[in-house]
Amino acid sequence: MITMKIYDVVIIGGGPAGLAAAFEAKKYGAKEVLIIERNEELGGILQQCIHNGFGIHQFREELTGPEYAERFINKVKKANIECMLNTMVLGINKDKVITIISKNEGYISIKGKAIILSMGCRERTREALMIPGTRPSGIFTAGTAQRFINIEGYMVGKKVFILGSGDIGLIMARRLTLEGAEVVGVAEILPYSCGLNRNIEQCLKDFDIPLLLQHTVIEVKGRERLEGVVVVEVDDKKKPLYKTKEFYKCDTLLLSVGLIPENELSIQVGVEIDGRTKGPIVNESMETSVDGVFACGNVVHVHDLVDYVTDEGRLAGKGAIRYLNNLFNKANKGDYITTECGKGVKYIIPQRLRMEHLNEWVMLHLRTDKNYDDVEIQIVIQGDIIKTIKKSKLSPSEMIRLRIPSDLIVNREIDNIKVEINERS
Amino acid sequence: MYDVIIIGAGIIGTFIGRELSKYRLKIALLDKENDIANGTTKANTAIIHAGYDAKEGSNMAKYNVKGNKMFDRVCEELGIDFKRIGSLVLAFNDEDINTLNELYNRGIKNGVTGLEILDRKQTLDLEPNINGDVKVALYAPTCGIIDPWNLAIALAENAIENGMDLFLRTKVHNILRKNDVYTIYAGEKTFEGKYIINCSGLYADKISAMVENPKYELSPRRGQYFILDKKEGKLFNSVIFQCPSKMGKGVVVTPTIHGNVIIGPNAEDIDDREGYETTYLGLNEVKEKANMTSRKINFNETIKLFSGIRAEPSTGDFIIKESENTRGFINVAGIKSPGLSSAPAIAEEVVKIVNKLEGGLKSNLNFNPNRKKIINFEKLSDHQKNEIIKSNFKYGNIVCRCENVTEGEIVDCINRNAGATTVDGVKKRVRPGSGRCQGGFCLPKVMEILARELNCEIDEVLKNNKGSYILTGRTTKGDNYEDL
Numbered sequence: 029m030i031t032m033k034i035y036d037v038v039i040i041g042g043g044p045a046g047l048a049a050a051f052e053a054k055k056y057g058a059k060e061v062l063i064i065e066r067n068e069e070l071g072g073i074l075q076q077c078i079h080n081g082f083g084i085h086q087f088r089e090e091l092t093g094p095e096y097a098e099r100f101i102n103k104v105k106k107a108n109i110e111c112m113l114n115t116m117v118l119g120i121n122k123d124k125v126i127t128i129i130s131k132n133e134g135y136i137s138i139k140g141k142a143i144i145l146s147m148g149c150r151e152r153t154r155e156a157l158m159i160p161g162t163r164p165s166g167i168f169t170a171g172t173a174q175r176f177i178n179i180e181g182y183m184v185g186k187k188v189f190i191l192g193s194g195d196i197g198l199i200m201a202r203r204l205t206l207e208g209a210e211v212v213g214v215a216e217i218l219p220y221s222c223g224l225n226r227n228i229e230q231c232l233k234d235f236d237i238p239l240l241l242q243h244t245v246i247e248v249k250g251r252e253r254l255e256g257v258v259v260v261e262v263d264d265k266k267k268p269l270y271k272t273k274e275f276y277k278c279d280t281l282l283l284s285v286g287l288i289p290e291n292e293l294s295i296q297v298g299v300e301i302d303g304r305t306k307g308p309i310v311n312e313s314m315e316t317s318v319d320g321v322f323a324c325g326n327v328v329h330v331h332d333l334v335d336y337v338t339d340e341g342r343l344a345g346k347g348a349i350r351y352l353n354n355l356f357n358k359a360n361k362g363d364y365i366t367t368e369c370g371k372g373v374k375y376i377i378p379q380r381l382r383m384e385h386l387n388e389w390v391m392l393h394l395r396t397d398k399n400y401d402d403v404e405i406q407i408v409i410q411g412d413i414i415k416t417i418k419k420s421k422l423s424p425s426e427m428i429r430l431r432i433p434s435d436l437i438v439n440r441e442i443d444n445i446k447v448e449i450n451e452r453s
Numbered sequence: 005m006y007d008v009i010i011i012g013a014g015i016i017g018t019f020i021g022r023e024l025s026k027y028r029l030k031i032a033l034l035d036k037e038n039d040i041a042n043g044t045t046k047a048n049t050a051i052i053h054a055g056y057d058a059k060e061g062s063n064m065a066k067y068n069v070k071g072n073k074m075f076d077r078v079c080e081e082l083g084i085d086f087k088r089i090g091s092l093v094l095a096f097n098d099e100d101i102n103t104l105n106e107l108y109n110r111g112i113k114n115g116v117t118g119l120e121i122l123d124r125k126q127t128l129d130l131e132p133n134i135n136g137d138v139k140v141a142l143y144a145p146t147c148g149i150i151d152p153w154n155l156a157i158a159l160a161e162n163a164i165e166n167g168m169d170l171f172l173r174t175k176v177h178n179i180l181r182k183n184d185v186y187t188i189y190a191g192e193k194t195f196e197g198k199y200i201i202n203c204s205g206l207y208a209d210k211i212s213a214m215v216e217n218p219k220y221e222l223s224p225r226r227g228q229y230f231i232l233d234k235k236e237g238k239l240f241n242s243v244i245f246q247c248p249s250k251m252g253k254g255v256v257v258t259p260t261i262h263g264n265v266i267i268g269p270n271a272e273d274i275d276d277r278e279g280y281e282t283t284y285l286g287l288n289e290v291k292e293k294a295n296m297t298s299r300k301i302n303f304n305e306t307i308k309l310f311s312g313i314r315a316e317p318s319t320g321d322f323i324i325k326e327s328e329n330t331r332g333f334i335n336v337a338g339i340k341s342p343g344l345s346s347a348p349a350i351a352e353e354v355v356k357i358v359n360k361l362e363g364g365l366k367s368n369l370n371f372n373p374n375r376k377k378i379i380n381f382e383k384l385s386d387h388q389k390n391e392i393i394k395s396n397f398k399y400g401n402i403v404c405r406c407e408n409v410t411e412g413e414i415v416d417c418i419n420r421n422a423g424a425t426t427v428d429g430v431k432k433r434v435r436p437g438s439g440r441c442q443g444g445f446c447l448p449k450v451m452e453i454l455a456r457e458l459n460c461e462i463d464e465v466l467k468n469n470k471g472s473y474i475l476t477g478r479t480t481k482g483d484n485y486e487d488l
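For the protein sequence lines, the chains are A and B, in the order given. The numbering of the first sequence is this note's numbering, which starts it at 29 and goes up by one. The numbering of the second sequence is this note's numbering, which starts it at 5 and goes up by one.
One chain only, chain B, in its complex shape:
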């Protein structure tokens, strides 16, 4: 019997899991996917917003501003890169300038620190490659960039180290409640728990409907993106927004934490919650809008196209509360942008709710905030590189030549407590296949390592979920038997 069962291993579920693991609680984290962070957390702009965007008094404003301040510490504890590179909102006309002033005032009310309105020259000094027609810009130094899926993976790993149980490929079919105990039927398994935290992203309304008449609905909203080669990585220094206007919210261009450039998203309301495709029209829209920000974006250096889907709640704001009718069922739903930025503060709030339900929580005295160290080979000094190769020769074998990923790093990411089991899982964690050749050279090698470490056949290795097989058996020549 678990004290808390968390449904959904995205950034929200993993943050909550790790926060709860600071207390003496038996926790399970469930997800239908083959990996942590496989939904909205995997595909978004990967920025930590300052918090001037959301209306004052909203949950979005409150948790964003609070959450933003919490990133330095948690990233330090978990060994995740996080850079506060600051953001700019560009104004090109008088209407934009009005909006910008509104944003500034709203930011002040929301408690955002360091906001400044820059004139044209200051803006261009900061970002020489943007469109020279810019008039003024809103500067927010607290905005940052991060790798959201690696943060979620790190949070899950650390929570597991502190006692949490993780169950992947565990899709919740039904939930029953009897005598204050929830029974969850998921995959082939059954789980019993006192409290349920529903942070199942795009499916939170469906999960909620298993226990009560739903109080909210979610609709999928898709955004499409471009990722450019690292060659272009020096084009911009900060996260650059356009002014929201009648024409829409505008697109973002920003360096990524890995040194690429990301451009997007547009916003399309779609019907399919799994409609992760890019479209000609959507990509074109992003391209045209981005050209307003800068005419120097070289789309010919595109190395990846993707789309992400956010859960747009019918209430218009984050839903973070215990169900009114069903005790112990906590909804954390409709976590659209700025959900990533708000995640640490949301997790703290959820702990408060659980604390109240339990009538006080006892600290987990063994809690260790640091996860098992990861060796990021590229960041080591020359001397350290040599030492590590001497102790483990696999660090001397470069598997991915575009991103210079060593075999040692790949083996480690498979063998960790929430390790990768798929090609995409390895790519998410240590990046082979994220470079300009998109895995053309390293795919066979990564599959070989996965098969070896997971003790399976190479043609059993999957790209992502069940059904995403890569190979279809031996060639006739490769078939190794005597036909009698």
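Bound-form chain A, shown alone:
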């Protein structure tokens, strides 16, 4: 019988969330910290994001993805944190036993006293959108195309149509154009873009790439390689207006239609999932509903800036240390207040707050359900509006961060704290 190696903290996923969590856990006293990464290098998707704009909040600098990743990889290396690369986690059970497989280790089990889930997310596919038509080559999710171009050094096509105006799609519109491809259009089913404003400006407008709002692809044509797509306008209920049908000749279709947190492992451990974020329900310390299992980054909710992923990773790393130091009183496990999504709010992270574990303040991350002009964000406790913030523009594509002073919540007999969006009075 081989004895199973036991770690203080095991981090699953060596992207920006996992790197920050690992470093923080080590810094605050964990001895045996392990990062498990399925790829051949740390850094996650950052490694293929060679454009700049990362790190404005963390470093007051505009770094490329690999540069941003490198800063954290170096810290992790200096801190002598153990990393298993090319290693896949196949399962985690309720006792925090993790089954892994790799060329070097074989098929083995290890145990984490605390586990931090930071597996990131995957891209929605053509199939998830149920776009009918043929099944030719030349249809890629934007991230896969990004990998081919930036990591493998190969082009994916010459004449490209992009469905969805998510950030990766916008970035790829520019990248493909710079590589000599023609981007014939970007269609977005919503009346507004899902990407950051700066990307619309710098990636589409600067290159005269048309953005077709309230448009979608309804059919894919081509037998072996893609030959074109059928694009229509949609009404406010996203119903296609078939009279507006137009054929776009292209050999490539890129999909940038949303990201889905990868929670197959989380579900296996028994973590409760929030239907709105498709990620684990977490508390103020980024702990999931399972004791000692934490989560951070895009596995919890899809972020638009990596800087905040790093913050979340740190929070989870610290949380894991507090858990290991037995600071989380199990008897009080059920004792928390919830953050409630009021009118106009799509989701809030964290969903649960335990009074006794709040620091001076708590940061709420939220997204609205649609675009708003001239509105107020209101924080409501027990029917009382305790804070109002005026906003001239709110968009689901830009995450809202609210720093709530803890003394507004602690020592009060409350069940929840609600955030809602209201017309300006």
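No wet-lab data here; the hints were simulated from the structure. Wrong hints could be hidden among the right ones.
To be verified - Some chain A residues flagged as far from chain B (calculated, every beta-carbon gap over 12 Å):
#, residue
1, Glu95
2, Asn108
3, Gly166
4, Thr172
5, Gly250
6, Lys277
7, Thr280
8, Glu292
9, Tyr351
10, Gly372
11, Arg382
12, Leu386
13, Trp389
14, Val408
What the hints assert, rightly or not - Here are the simulated BS3-like cross-link-like pairs (lysine-lysine), alpha carbons at most 25 Å apart as the crow flies:
#, chain 1, residue 1, chain 2, residue 2
15, A, Lys277, B, Lys470
16, B, Lys394, A, Lys131
17, A, Lys249, B, Lys36
18, B, Lys470, B, Lys449
19, A, Lys33, B, Lys394
20, A, Lys249, B, Lys470
21, B, Lys235, A, Lys124
22, B, Lys238, A, Lys122
23, A, Lys346, A, Lys419
24, A, Lys122, A, Lys374
25, A, Lys139, B, Lys394
26, A, Lys306, B, Lys238
27, A, Lys131, B, Lys449
28, A, Lys131, B, Lys398
On a predicted model such as this, the values are computed, not experimentally measured, just so you know. Even for Gly, the Cβ is constructed at its ideal location relative to N, Cα and C.
Let chain A serve as the given structure and place chain B on it in line with the hints.
Relative to chain A, chain B alone:
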């Protein structure tokens, strides 16, 4: 000079090839496609029917019931998964109940064993997630699920191991007959053979027309399908049919052998024999009909849409016989549903015809019914997994994270005697890209492995047939030369 040339490497051609390889015959199997099982065999409901559906006395009834019984053995020999999970035909009203009784009686006449009519409670006990309005159901325990393309690949591999020659990308242009010898012009090559077996699926009438005035015509009939994520795989336990009625044949919902759920097909007569597209209307029809069977089908978990095309013969029944005017030309055509279920019995019949033509066949004494073993990593014990990684580290490298496919399995499927040469070929055999991310993560890795094993450039790797290129050359930065 070949004794037998088989045209078409679908489930029928591969079954016939493998059956004939039990005898001392020189056999060639030709197909126009870039892979085995690229037509009707690739896209269907993937079930082995019990055999109560077809009219008694028809070829369809005869070969289905006989074929059904032959699957356990051949799957065992070839290492292919096959599960008899049983089927239900659901009746929701009196008209349905009448039809169901007809099916039961027909099944008995056709020789189907184990048929039973279940009451509402028995039905719901078996399938708690179906529509509670069900009144009774016809239960057939012999119905099963299988992976048809892997079965065809396994049959071809085993036939090759026993001496058959396989020629892919070999499209037949013309056939001439002189002094009892057929000359087939296919691709760039010419083949000579004593007998031709025409099992070219949707094109069998065209091939037949190369040697004689056609006695039958085929028309393409398309069916569209949904595949759901494995998360939904526990929703149903058996193959669930609706009662055929004035409204049509109804759709099937069933678990697949890989643990997904498959839903479909509808039936549309189309003009294009290569019209493999899905349509908004067709998919909607399948969805609405499936909602009759169960309201718990979560179409939001769809991971794949596809359509399949069956060859509908003008005769209404399978055509399995030697041409009356052209000796040695055997038509195996119009093999629509239940063609997969009938395939082993059809192959046996074809061997009988060849035997008669030859005046007796000699056994191939070296025939080995088992093909070279395949390691299905996921099915191994923990200990075996470790042992295999120690002997070949590639089994420790997971390439497809949705389906947990190892590099070792991918390399093996490329290097077998009828190995994969394309991304779709690898996907068909060992499933990277069949999961929820549909290859988003593993496509670059699979292409890299294909390029390495086939000794070609990564941008030469195809998705499927010629023309289905994936990459269009190096990026400017990737271009590795000094410009002087």
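Hint by hint, here is what the structure shows:
1. No Cβ of chain B comes within 12 Å of the Cβ of Glu95 (chain A); the nearest lies about 17 Å off, and the non-interface call holds.
2. The claim that Asn108 (chain A) lies off the interface holds: its Cβ sits roughly 25 Å from the closest Cβ of chain B, which is beyond the 12 Å cut-off.
3. For Gly166 (chain A), the requirement that its beta carbon stay farther than 12 Å from each beta carbon of chain B is not met, with the minimum near 8 Å.
4. Residue placement check: Thr172 (chain A) does not keep its beta carbon more than 12 Å from all beta carbons of chain B (closest about 5 Å).
5. Here Gly250 (chain A) does not stay apart from chain B, with its beta-carbon only about 9 Å from theirs, under the 12 Å limit.
6. No beta-carbon of chain B is positioned within 12 Å of the beta-carbon of Lys277 (chain A); the least distance is around 15 Å.
7. Under the 12 Å C-beta cut-off, the non-interface status given to Thr280 (chain A) relative to chain B is violated; the minimum distance is some 8 Å.
8. Consistency note on Glu292 (chain A): stated as away from chain B, yet its beta-carbon is not over 12 Å from all of that chain's, at 8 Å minimum.
9. The beta carbon of Tyr351 (chain A) sits about 28 Å from the closest Cβ of chain B, which is more than 12 Å, so the claim that it is off the interface holds.
10. Listed as outside the interface, Gly372 (chain A) is consistent with that label: its C-beta sits roughly 24 Å from the nearest C-beta of chain B, beyond the 12 Å cut-off.
11. Remark: the non-interface label on Arg382 (chain A) is consistent with the geometry, its nearest Cβ contact in chain B lying 31 Å away (cut-off 12 Å).
12. With a minimum CB-CB distance of about 36 Å to chain B, Leu386 (chain A) clears the 12 Å threshold, and the non-interface call stands.
13. Distance check on Trp389 (chain A): its Cβ is at least 38 Å (rounded) from any Cβ of chain B, clearing the 12 Å threshold; non-interface status holds.
14. No Cβ of chain B approaches the Cβ of Val408 (chain A) within 12 Å, the least distance being about 32 Å, so the stated non-interface status holds.
15. Distance hint between Lys277 (chain A) and Lys470 (chain B) is fulfilled; the C-alpha atoms sit about 20 Å from each other, no more than 25 Å.
16. For the hint linking Lys394 (chain B) to Lys131 (chain A), the alpha-carbon distance of about 8 Å falls within 25 Å, and the restraint holds.
17. For a cut-off of 25 Å, the pair hint linking Lys249 (chain A) to Lys36 (chain B) stands: about 22 Å separates their Cα positions.
18. Under the criterion of a C-alpha separation no larger than 25 Å, the hint pairing Lys470 (chain B) with Lys449 (chain B) is consistent with the structure, at around 21 Å.
19. Distance hint between Lys33 (chain A) and Lys394 (chain B) is fulfilled; the C-alpha atoms sit about 20 Å from each other, no more than 25 Å.
20. With a C-alpha separation of about 17 Å, the suggested pair Lys249 (chain A) and Lys470 (chain B) falls inside the 25 Å cut-off, and the hint holds.
21. Taking the CA atoms of Lys235 (chain B) and Lys124 (chain A), the gap is near 22 Å; set against the 25 Å cutoff, the hint holds.
22. For a cut-off of 25 Å, the pair hint linking Lys238 (chain B) to Lys122 (chain A) stands: about 22 Å separates their Cα positions.
23. Restraint check: the Cα-Cα separation between Lys346 (chain A) and Lys419 (chain A) comes to about 33 Å, which exceeds 25 Å; the hinted pair is violated.
24. Between the alpha carbons of Lys122 (chain A) and Lys374 (chain A) the distance comes to roughly 31 Å, so the proposed pair goes past 25 Å and is violated.
25. For a cut-off of 25 Å, the pair hint linking Lys139 (chain A) to Lys394 (chain B) stands: about 22 Å separates their Cα positions.
26. A hinted pair counts as satisfied when its Cα atoms are at most 25 Å apart, and Lys306 (chain A) with Lys238 (chain B) qualifies at roughly 21 Å.
27. Simply put, Lys131 (chain A) and Lys449 (chain B) have alpha-carbon atoms about 16 Å apart, close enough for the 25 Å limit, and the pair holds.
28. With a C-alpha separation of about 7 Å, the suggested pairing of Lys131 (chain A) with Lys398 (chain B) holds against the 25 Å cut-off.
Taken one by one, the earlier hints fail for this structure at numbers 3, 4, 5, 7, 8, 23 and 24, listed in ascending order.
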